[in-house]
Each structure stands twice: as C-alpha cells, then as structure tokens.
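*Asks:* Working from the sequences, and respecting the hints, build out all of it.
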Amino acid sequence: LAIELFQAGGELLANEMAPRVHNSGHWTIEGAVTSQFENHLRAVVGLPLGATEARGHAAMVNLIGRVPDPAPVLAVPGTHLHLYGKAPRPGRKLGHVTIVADEPEALEERLAEVLRVVEGAG
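For the sequence shown, my numbering begins at 1 and goes up steadily by one.
If you're looking for bench data, these hints aren't it; they were derived computationally from the structure. Heads up, some of the hints might be wrong.
Claimed, not checked - 20 Å max Cα-Cα, derived EDC-like pairs, lysine to aspartate or glutamate:
1) Lys93 / Glu119
2) Lys86 / Asp69
3) Lys93 / Asp69
4) Lys93 / Glu4
5) Lys93 / Glu16
*Replies:* Spelled out as structure tokens, the structure:
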C-alpha cells in the first residue's frame with residue numbers, strides 16, 4: 001500500500017492511498033536493492049519480499065508536460081531516463097529521471113545539473 005502524504009502548515013495531509021506501485025517510488029528501480037515493482041510481483045505470487053534498502057543515495061525528477069533532450073540528461077553520471085511514451089500536454093507526467101550516487105554531495109551536484117537541463121527544456 002502506497003500512502004502519498006503532503007506537509008502543509010506543519011501538518012501531514014493524506015492525498016492518496018494506492019494498493020499498487022506508486023509513481024513516488026519509481027526511484028526504487030535503480031535506487032533500492034529490490035524495486036517496488038519486483039516486490040509487488042513477489043507479494044502477488046506469494047514469494048518472500050526482497051530487501052528494500054537503498055543502494056547509496058537516490059533522487060527522482062518527474063518530467064511534466066515536456067521531455068528534455070536525452071543527451072545532456074544522460075551525460076550526467078548516475079542518471080537513468082525513463083520515458084513513458086505519452087503524448088506531451090501541460091501537466092502530464094511523461095517520464096522521470098532517477099539519479100544515483102554513492103555520496104550525498106555527489107547526488108546533490110548531479111541533481112542540480114539534471115534540474116538545470118530539465119528546467120531549460122522546451
């Protein structure tokens with residue numbers, strides 16, 4: 001069960017409860033020992049769940065409304081570009097970029113570079 005929470009004015013607000021994999025956990029594809037997708041399948045077929053520990057540090061950037069040029073995104077070390085094959089339109093999630101690094105400082109630098117590329121898309 002995925003529970004999406006938002007913090008507003010010092011309170012936690014439950015936005016969504018989803019009995020499935022959730023887009024907020026897409027970072028687990030590269031960033032966790034076992035992804036949310038694999039663990040979902042394991043649970044459905046009655047297999048033991050895999051380890052959920054993070055593989056170092058990870059961040060995820062959603063691609064909303066437009067897709068950046070893949071080359072500069074993928075030039076950043078530790079990036080993984082996931083495009084969903086959807087037609088672009090304002091407000092639509094078209095994909096995401098996962099960024100992984102062994103050290104938090106490296107993740108911060110890589111994330112900043114990916115954000116520069118993504119925010120400059122268009």
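*Asks:* Hint by hint, note whether the structure agrees.
*Replies:* Evaluated hints:
no., hint, in the structure
1, Lys93 / Glu119, "14 Å, holds"
2, Lys86 / Asp69, "16 Å, holds"
3, Lys93 / Asp69, "16 Å, holds"
4, Lys93 / Glu4, "16 Å, holds"
5, Lys93 / Glu16, "17 Å, holds"
The earlier numbered hints are all upheld by this structure, with none contradicted.
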